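**Q** Each chain, written out:
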Amino acid sequence: MATVIKWRDRAFTFEAPAGLFPGFVERLRGTPVRLETLVHFCPKTSMTRRPVGGWCLNEQLGHLINADVVFNRRLDMYLEAAQPESLIDVIKALKEVADYRDDATTELLTEFRRQREAFVRRLEKLDEAQVLKSIELPDIKMTMRLLDLAWFIGEHDDQHLAETTRLIRSLS
Amino acid sequence: MVTLMRWIDRKFNFDFPVGMLPCIVERLRGMPFRLEEMTQSLSEEALGRHIDNGWSIKEHIGHLSDVHPLWDARLEQLLSGVDELVAADMSNRKTQEADHNARALPDLLADFGRLRLNFVARLERLSDDDAARSAMHPRLSQPMRIVDLAFFAAEHDDQHAALITQLIKALPGGTK
Numbered sequence: 001m002a003t004v005i006k007w008r009d010r011a012f013t014f015e016a017p018a019g020l021f022p023g024f025v026e027r028l029r030g031t032p033v034r035l036e037t038l039v040h041f042c043p044k045t046s047m048t049r050r051p052v053g054g055w056c057l058n059e060q061l062g063h064l065i066n067a068d069v070v071f072n073r074r075l076d077m078y079l080e081a082a083q084p085e086s087l088i089d090v091i092k093a094l095k096e097v098a099d100y101r102d103d104a105t106t107e108l109l110t111e112f113r114r115q116r117e118a119f120v121r122r123l124e125k126l127d128e129a130q131v132l133k134s135i136e137l138p139d140i141k142m143t144m145r146l147l148d149l150a151w152f153i154g155e156h157d158d159q160h161l162a163e164t165t166r167l168i169r170s171l172s
Numbered sequence: 001m002v003t004l005m006r007w008i009d010r011k012f013n014f015d016f017p018v019g020m021l022p023c024i025v026e027r028l029r030g031m032p033f034r035l036e037e038m039t040q041s042l043s044e045e046a047l048g049r050h051i052d053n054g055w056s057i058k059e060h061i062g063h064l065s066d067v068h069p070l071w072d073a074r075l076e077q078l079l080s081g082v083d084e085l086v087a088a089d090m091s092n093r094k095t096q097e098a099d100h101n102a103r104a105l106p107d108l109l110a111d112f113g114r115l116r117l118n119f120v121a122r123l124e125r126l127s128d129d130d131a132a133r134s135a136m137h138p139r140l141s142q143p144m145r146i147v148d149l150a151f152f153a154a155e156h157d158d159q160h161a162a163l164i165t166q167l168i169k170a171l172p173g174g175t176k
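Here the protein sequences line up with chains A and B, keeping their order.
The numbers in this note's numbering rise by one with no breaks, and the one at position 2 of the first sequence is 2.
The numbers in this note's numbering rise by one with no breaks, and the one at position 82 of the second sequence is 82.
A portion of the hints provided could be inaccurate.
Unchecked claim - Coverage of chain B stretches by chain A, computed from C-beta distances (three or more under 8 angstroms per stretch; other residues unrestricted):
id: 1; region: 20 to 27
id: 2; region: 113 to 120
id: 3; region: 125 to 135
id: 4; region: 156 to 170
No wet-lab data here; the hints were simulated from the structure.
On a predicted model such as this, the values are computed, not experimentally measured, just so you know.
Ideal Cβ placement from N, Cα and C applies to all residues, glycine included.
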């Protein structure tokens with residue numbers, strides 16, 4: 001298999017036209033069922049086994065839950081429903097990824113699905129002017145349009161799905 | 001809701017690193033499960049309904065299977081070192097003539113799942129060097145690598161997933 005690029009080595013260019021937004025939303029909608037399918041046959045011991053220097057499968061799920069909390073607050077900022085300081089507060093209040101390790105996988109999957117479905121419902125209501133709005137995100141010091149954020153989340157999902165597959169194969 | 005861009009109007013920048021392939025393979029792997037989830041609660045009437053002369057949900061799913069021989073052929077060509085890839089039939093004659101509406105949804109999904117599983121398995125066996133092999137794409141008039149082919153297929157998936165969602169949302173009472 002080709003070697004997966006590290007997330008921190010990714011370079012992002014934000015130049016997609018607004019007409020790609022519905023496809024981006026579809027990617028985001030599909031992540032819960034993809035995750036559920038990937039881990040469906042994993043025994044509990046596999047879900048909590050940490051690779052050297054990395055997260056176990058439950059921790060990967062926990063990280064995606066945390067990420068969606070942040071993405072939702074970023075969306076609030078685009079829609080002027082939240083101040084930048086509140087995003088930092090949300091990040092500080094996130095559960096530690098390691099603390100997800102012993103949670104039940106079904107509960108993690110359910111929570112991720114609940115958050116993601118709510119996020120997608122919000123995105124589906126937006127118009128073109130809203131998705132083209134650009135702001136600076138204070139937590140990652142990047143300026144991007146809401147359209148770009150949706151794509152960015154899809155890329156982030158896929159990075160962790162690829163890591164999830166790699167972990168499952170290394171355990172089997 | 002934002003208007004979906006037509007596939008024919010899409011422009012593609014094939015300049016991302018080959019190391020994206022495992023992430024793109026994940027997108028491709030997930031599509032059969034996404035389609036199953038999207039369609040599981042839909043009635044037969046909803047699955048076969050046409051709106052504004054467009055394809056029905058069943059026809060979109062059938063189309064995703066119809067194009068798989070093209071993805072497979074291009075992968076084979078790229079691995080064998082051709083200069084130019086086989087062209088797509090932009091009239092989609094195969095889908096127009098297939099009468100996918102007459103088939104049962106589980107059969108359509110099973111066909112797509114089998115084709116996709118095989119394609120993903122082939123991509124997973126490739127090395128970094130393989131993934132960087134390229135040839136000219138005839139319609140886009142630009143080089144396409146294997147990693148780009150995988151990306152192109154994943155984007156094509158999402159295009160049709162978005163169209164299926166549009167159909168679902170336009171079908172009041174379309175669920176079982």
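**Q** Each hint should be assessed against the structure and marked as holding or not.
**A** Hints and how they fare:
no., hint, verdict
1, 20 to 27, "holds (count 8)"
2, 113 to 120, "violated (count 0)"
3, 125 to 135, "holds (count 6)"
4, 156 to 170, "holds (count 6)"
The earlier numbered hint that this structure contradicts is number 2, and it is the only one.
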